[in-house]
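Undergrad: Just need the whole structure built from these sequences, with the hints factored in.
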Amino acid sequence: MSSPATIEDVERRLRERRYIGDRALATSIFLALKLQKPLFIEGEAGVGKTEAAKVMAEVLGARLIRLQCYEGIDLAHAVYEWNYPRQLLHIRLMGEGEDRRVAEREIFSSEFLLRRPLLDAIDNDDPTPPVLLIDEIDRSDEEFEAFLLELLSDFQVSIPEIGTIKARQVPFVVITSNRTREVHDALKRRCLYHWIDYPDLDKEVEIVRARAPEAADGLAR
Numbered sequence: 001m002s003s004p005a006t007i008e009d010v011e012r013r014l015r016e017r018r019y020i021g022d023r024a025l026a027t028s029i030f031l032a033l034k035l036q037k038p039l040f041i042e043g044e045a046g047v048g049k050t051e052a053a054k055v056m057a058e059v060l061g062a063r064l065i066r067l068q069c070y071e072g073i074d075l076a077h078a079v080y081e082w083n084y085p086r087q088l089l090h091i092r093l094m095g096e097g098e099d100r101r102v103a104e105r106e107i108f109s110s111e112f113l114l115r116r117p118l119l120d121a122i123d124n125d126d127p128t129p130p131v132l133l134i135d136e137i138d139r140s141d142e143e144f145e146a147f148l149l150e151l152l153s154d155f156q157v158s159i160p161e162i163g164t165i166k167a168r169q170v171p172f173v174v175i176t177s178n179r180t181r182e183v184h185d186a187l188k189r190r191c192l193y194h195w196i197d198y199p200d201l202d203k204e205v206e207i208v209r210a211r212a213p214e215a216a217d218g219l220a221r
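Under our numbering, the residue at position 208 of the sequence shown is numbered 208, and the numbers go up by one with no gaps.
Taking lysine to aspartate or glutamate pairs in the EDC-like style, the calculated list, with each CA pair at most 20 angstroms apart, reads: (1) Lys-166 - Glu-111; (2) Lys-188 - Glu-150; (3) Lys-54 - Glu-16; (4) Lys-203 - Glu-42; (5) Lys-203 - Glu-214; (6) Lys-34 - Asp-9; (7) Lys-188 - Asp-154; (8) Lys-166 - Asp-154; (9) Lys-188 - Asp-141; (10) Lys-34 - Asp-154; (11) Lys-166 - Asp-120.
Cβ pair distances, simulated, as ranges: (12) His-90 - Arg-15: 48 to 58 angstroms; (13) Thr-128 - Arg-15: 14 to 24 angstroms; (14) Thr-164 - Glu-214: 49 to 59 angstroms; (15) His-90 - Ala-210: 46 to 56 angstroms; (16) Asp-138 - Ala-76: 17 to 27 angstroms; (17) Glu-111 - Lys-166: 18 to 28 angstroms; (18) Lys-203 - Arg-86: 48 to 58 angstroms.
Worth flagging that the hints you see were computed from the coordinates, not collected in a lab. Ideal Cβ placement from N, Cα and C applies to all residues, glycine included.
TA: Written as structure tokens, this is what we have:
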């Protein structure tokens, strides 16, 4: 599916999928797509930040790759780790001597790599660049933020045993935050920023009607 051609096109496609946003959000999405910059969406819990990323994956006909952040998240859960049981099995099967030395070199290849969301987002064969949702970045720590800043600068990952893996195609990145803590300004500067507020009454009614068109007017209000 082609990328939206105009801001109005973004609005229309969101509404077709029963996501009731506003023109400001549609503008931010449109610019993020055109400039190939991450979109940083901040707001209280439950205002539709995560849903916006999910719907955009539908709009673009792209795969959604979601990284749920939490306190203590590290590279092994976010980027990659080695499949240690498989590596050990491979070495044992090769026996001793030269075969074993070959096996020890082979185990640090992509065949034994467990790809986590961030690596999957930049190294894939998808026909359409995926949508990468980095959800609730405010739950992570500053060390992870620093790594993410580096990743979003160059869209590449360095793996000591393999080398640098560069993005074949730039994913559409959506970062969300519930603002439980302040995210570093350096990360925000890499992104287009958008704040989603709680909807007013009229918009809330419109959302209910979009999600449950059979609902009576009194119930919607």
